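K.L.:
Got chain Z sorted already, so can you dock chains A and V onto it with the hints?
Protein chains in written order, with my numbering: chain Z, 5 to 269; chain A, 287 to 865; chain V, 143 to 422.
Careful, some of the hints might be misleading.
Said to hold, decoys possible - A few chain A residues that face chain V, going by a derived Cβ cut-off under 10 Å, partial list only:
1) G336
2) G356
3) A357
4) D780
In case anyone wonders, no lab produced these hints; they're calculated from the structure. Quick caveat: nothing in here was measured; it's all calculated off a predicted structure. Backbone N, C-alpha and C define an ideal beta-carbon position, used for all residues, glycine too.
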Amino acid sequence: MMRPFLIGISLLFLGALLFAPLAMVFVSAFGAGWHAWFTTFADSDTGAAIRLTLLTAAIVVPLNTLFGVCAAWCIAKFEFPGKSMLITLIDLPLAVSPVVSGLIYVLLFGAQGWFGTWLQDHDISIIFAVPGIVLATSFVTFPYVARELIPLMQQQGNDEEEASITLGAGGWFTFFHVTLPRIRWGLLYGVILCNARAMGEFGAVSVVSGHIRGVTNTMPLHIEALYQDYSMAGAFAVASLLSLLAVVTLIIKSLLEWRMGVNHR
Amino acid sequence: MSITLEQVTKRYQGQPVVNDVSLSVAEGEFFVLLGPSGSGKSTLLRAIAGLVDIDQGSIALHGNDVTHVGARDRGVGFVFQHYALFRHLTVAENIEFALRVRRMKGAERRARRAELLKLVALEGMDQRLPAQLSGGQQQRVAVARALAHKPQVLLLDEPFGALDAKIREELRWTIRSVQRELGITTVLVTHDQEEAFALADRIGVMNLGRLLEVGVPRDLYARPATRFVATFLGAANLLLAQQGPEGIRFGTTPVDATVQQPHIGREHEVVTLLRPEELELSAQREQLTSSYLGRATVEELQFTGALERLRLRLLDNQNAVQTSAGDGAEGRIEATRPQPERRALPLAIGDVVALGARRLHVLPTPLSSFVVYGISDSAALELAQVPLLITLAARMKTRVAACTGEPGCTPTAMPGVAVTAAGPDAPARTAELLRTGANEVLLLNATTDVPQQICMYWLDEPARHATLAVAASLLRHLPAEAVCIATAPAGRRDPRRGQALRALLDARSEARAAHALETRTELIPGEAPQALGDYLASQPTPLLVLGSADIASAQRTLEYLATHLPALPVMLVYREARH
Amino acid sequence: MYWRRERSVIPGFGITFGFTTFFLSALVLLPLTALVIKGAGMDWTRFIKVVTDPRAVASYKLTFGASLLAALINIVFGFIVAWTLVRYRFPGRRFIDAIIDMPFALPTAVSGLALTAVFSGNGWIGQYLEPLGIKVAYAPLGITIALTLIGMPFVVRTVQPALEELPKDVEEAAATLGAGPAYTFFRVILPALLPAVLTGFTLAFARAVGEYGSITFIAGNIPFKTEITPLLIIIKLDEYDYAAAAAIGCVMLAISFVMLLAINLVQAWGRRRISGAVRR
Chain Z
5 MMRPFLIGIS
15 LLFLGALLFA
25 PLAMVFVSAF
35 GAGWHAWFTT
45 FADSDTGAAI
55 RLTLLTAAIV
65 VPLNTLFGVC
75 AAWCIAKFEF
85 PGKSMLITLI
95 DLPLAVSPVV
105 SGLIYVLLFG
115 AQGWFGTWLQ
125 DHDISIIFAV
135 PGIVLATSFV
145 TFPYVARELI
155 PLMQQQGNDE
165 EEASITLGAG
175 GWFTFFHVTL
185 PRIRWGLLYG
195 VILCNARAMG
205 EFGAVSVVSG
215 HIRGVTNTMP
225 LHIEALYQDY
235 SMAGAFAVAS
245 LLSLLAVVTL
255 IIKSLLEWRM
265 GVNHR
Chain A
287 MSITLEQVTK
297 RYQGQPVVND
307 VSLSVAEGEF
317 FVLLGPSGSG
327 KSTLLRAIAG
337 LVDIDQGSIA
347 LHGNDVTHVG
357 ARDRGVGFVF
367 QHYALFRHLT
377 VAENIEFALR
387 VRRMKGAERR
397 ARRAELLKLV
407 ALEGMDQRLP
417 AQLSGGQQQR
427 VAVARALAHK
437 PQVLLLDEPF
447 GALDAKIREE
457 LRWTIRSVQR
467 ELGITTVLVT
477 HDQEEAFALA
487 DRIGVMNLGR
497 LLEVGVPRDL
507 YARPATRFVA
517 TFLGAANLLL
527 AQQGPEGIRF
537 GTTPVDATVQ
547 QPHIGREHEV
557 VTLLRPEELE
567 LSAQREQLTS
577 SYLGRATVEE
587 LQFTGALERL
597 RLRLLDNQNA
607 VQTSAGDGAE
617 GRIEATRPQP
627 ERRALPLAIG
637 DVVALGARRL
647 HVLPTPLSSF
657 VVYGISDSAA
667 LELAQVPLLI
677 TLAARMKTRV
687 AACTGEPGCT
697 PTAMPGVAVT
707 AAGPDAPART
717 AELLRTGANE
727 VLLLNATTDV
737 PQQICMYWLD
747 EPARHATLAV
757 AASLLRHLPA
767 EAVCIATAPA
777 GRRDPRRGQA
787 LRALLDARSE
797 ARAAHALETR
807 TELIPGEAPQ
817 ALGDYLASQP
827 TPLLVLGSAD
837 IASAQRTLEY
847 LATHLPALPV
857 MLVYREARH
Chain V
143 MYWRRERSVI
153 PGFGITFGFT
163 TFFLSALVLL
173 PLTALVIKGA
183 GMDWTRFIKV
193 VTDPRAVASY
203 KLTFGASLLA
213 ALINIVFGFI
223 VAWTLVRYRF
233 PGRRFIDAII
243 DMPFALPTAV
253 SGLALTAVFS
263 GNGWIGQYLE
273 PLGIKVAYAP
283 LGITIALTLI
293 GMPFVVRTVQ
303 PALEELPKDV
313 EEAAATLGAG
323 PAYTFFRVIL
333 PALLPAVLTG
343 FTLAFARAVG
353 EYGSITFIAG
363 NIPFKTEITP
373 LLIIIKLDEY
383 DYAAAAAIGC
393 VMLAISFVML
403 LAINLVQAWG
413 RRRISGAVRR
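Next comes chain Z alone, as it looks inside the complex (with noise of 0.2 Å):
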């Protein structure tokens, strides 16, 4: 009665919303074999894509985590004026649209903006450059690590940390001996995340970018490059490694969830 109806109707929208685009972007990216697949990639400007993307991601997901460490640290360990609207000053990032964030840095260092003509002089680009897109990715990825591990940290509480101090160990021996273990699951969480939306992200980097191919394209960009030239072939196969790098991100997110399960018991 209910319950296959209910079950059928859940898997008919999932499966039209989520399972059908996922298929067609394996289907139409080897939909011309291994061959052309691998064509794709021999491009010059997809390479630089590639690397554009990793390179962004190895500055900005270590910058938000070290950030994410500090700031939960800082939250959950202390009691301090203003906590709570510095929680939501550092989820702010996640309210803003993405286009939004990458308008901000346009306004900032762009030719019209406030730094615009002092960057001009000094010969320095961020926007339209590579800097550009690691600050809009920054600031796009910025609240993931620290989200993971505010409740996390604040749920541990403080007493292991105490213990360790009345035992005689400092700060940093603490950190890394007793905290650094507890919340290592729940930080990998975060930066697996925070990693997935760095080399996904399509809106801010979009606006900062100014879409120069081999140059300032990341991945997503250059998806939209290949699709602008009805190359569709290329734009699934790029399409298809960036889904790769989404279904990696959800077995270890669920591997983590199921260790941090057992954990709790």
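P.N.:
Frame of chain Z, contents of chains A and V only:
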């Protein structure tokens, strides 16, 4: 002394959670801090460990002031309520943590670990993770971990709180034997009086941030100084009796009782403690071997194994039984009997028995019960609803009676603190109450709330002793600050200034010695009552405890205060000067 | 008030607080301030003219309409999915549960590209809809579908835990009191889940309003027809009309703040309802 605390105060958001605590724990002593949740005992323990900063006072360990030394360098062993074991480390790694921090060599570490595991009877558990141990075993590991670096002091914060009764009992033996073996100075925090009795060399009882009493378990149980300790340490019947020149009287019958407090001037109401096991039950009054209290009917019987518990209702002197207002338990007394006594006199519900008191202890508190004096029933009822009075009566577990002008309703016939409404005619009414037998009069407004400050001021030196005693008694039930006040003319050279200063210092040491009460002192320049009034007007919600040995001068001071500070609550303490 | 921070034995407050606020200010607060100042610095009449331009208004209508519709679709279907995952055990349930988060992990460009392919006239699903006169790709309906996809996990992931925590005995109690399944669902279960559903709805809606990546592919970007507000900002930027871009950006930012406020209010309301019920 191994641990010395001097006037330690800790506030959270302005509220004192630890209020002026001074305490010394001897070398090798097992000291238990006992109190209900929220009494400040855990905060005090954490302050000793350096986990909490204190706002005032000092802490010394083995003669070294460590008030400003961080937790890391105090070298104490701390056992947390929920163990706080490092869950990702094995038992061995947990225990060796402090040694590793101190860069001890591997072989030495292993030897010490083996020693500790033997001490807490966990040999062979080295490689387990905390999650693989039972709660009791985890707590043993926590103890071993806290002892690894050979601390001079071991602190335990409700260490058995999360465990089953059986395991708790067993761990008590372990902790006690470990402590004896090492001879380590130990402070344990608990809310369980049985646990405190079982473990402690000495117990300190805390309530509302204050350390109320310190003593050997047996003494505290038998001869507590305060209502709170009397009732917190075990089942207690609190009975009101009269203390006169010829001794203690219960209703019309004289009784034997241990009295620490000398008789004061005229007859006075006192609070006595009668433990359930000190009651003697007998069919006839003549068969009692102890002081006769009265007749009572059996209302409830419970078999609890070794003991039989009874609820009895007194047939005469019902008013003598103190209970918090309005819970319908007036006149009810609890008793327990061992089985041989039960067999000798089997009882059923409804039986009438004669009650005897084998041992009656008079509490040295000057405040017994409250009697509200009002012109009409509604006025008296309104007065009985004043927040301060409700709080006090509930915390003192005492009753509030009412007197509404019917003949014979005088303080002589109705002993206790007289409560009356503040107002223009209050001074005259107070004087009348004092003349007709009242010793204390509490003047309240309809809205008087719990004060933040209790100010002590006495008009004549003979009233000082009683003023301090009444204030100390109030302060045990109210989380307020204590201030001793004196006034002296403004001139620096005036000899009266020196006198007043000396009197203040005397009062402070008396409060500390006789009531374990730490007080602040204020010498106000100017003449009373103006100077007193001005000072009180500048304080946030004070209550004045005003001592006097002369009714007329008390009335004059009250008249001044009634015109200038109509909202001020006053507790007037009257003691006739001895001739 | 006591503004003094309670000193803690745990070290590191100064350095972590300093780094956190510095990084936050430099990366987030300063640039956002730049936007607000740029927008506010404009001539007021021009600001009004830009943000009330018919093309901009059409884009607001489309963005909000499609986002609202997508969020509504999501609370219906998302609820059913959450219900299925919590209440029923069937083969593949764990797999489905894991894949719900796919829109979080999948780059929006990929989902946009793939949805366009699936729903275009000759796509897997589009080919059956086209003959019925339903045009999805390059039409407002396509935008709605793309927004439904990215909002879906928000609804499922907020309703799911609430449903799991809903005590089973409440339904049993309702049954013993004589309530039928429909009555129990609408009078007992739904009111208990309302805060979660509303939270999910606002989150999905807020996310949809700002979305850009997946829409660019499926929308076709025809002015007045399928042009969303974020796209309009990009068009203004491409025209080097920074002021206009900033003005529309300010409107978007203001909407973000309103949504953030709404989310917090809904959550606070939900917490109060739950904890209030427990206390009583």
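K.L.:
Against chain V, with CB atoms and a cut of 10 Å, does the hint on D780 (chain A) hold up?
P.N.:
Since chain V brings no Cβ nearer than about 40 Å to D780 (chain A), farther than 10 Å, the hint is violated.
K.L.:
Let me know if the C-beta of A357 (chain A) comes in closer than 10 Å to any C-beta of chain V, holds or violated.
P.N.:
holds, 4 Å
K.L.:
Go through the hint on G336 (chain A) and say holds or violated, using the shortest Cβ distance to chain V against 10 Å.
P.N.:
The hint holds - G336 (chain A) has a Cβ within 10 Å of chain V, the shortest such distance being about 6 Å.
K.L.:
Against chain V, is G356 (chain A) within 10 Å by beta-carbon distance?
P.N.:
Holds. Min distance 7 Å.
In this structure, the one hint that does not hold is number 4.
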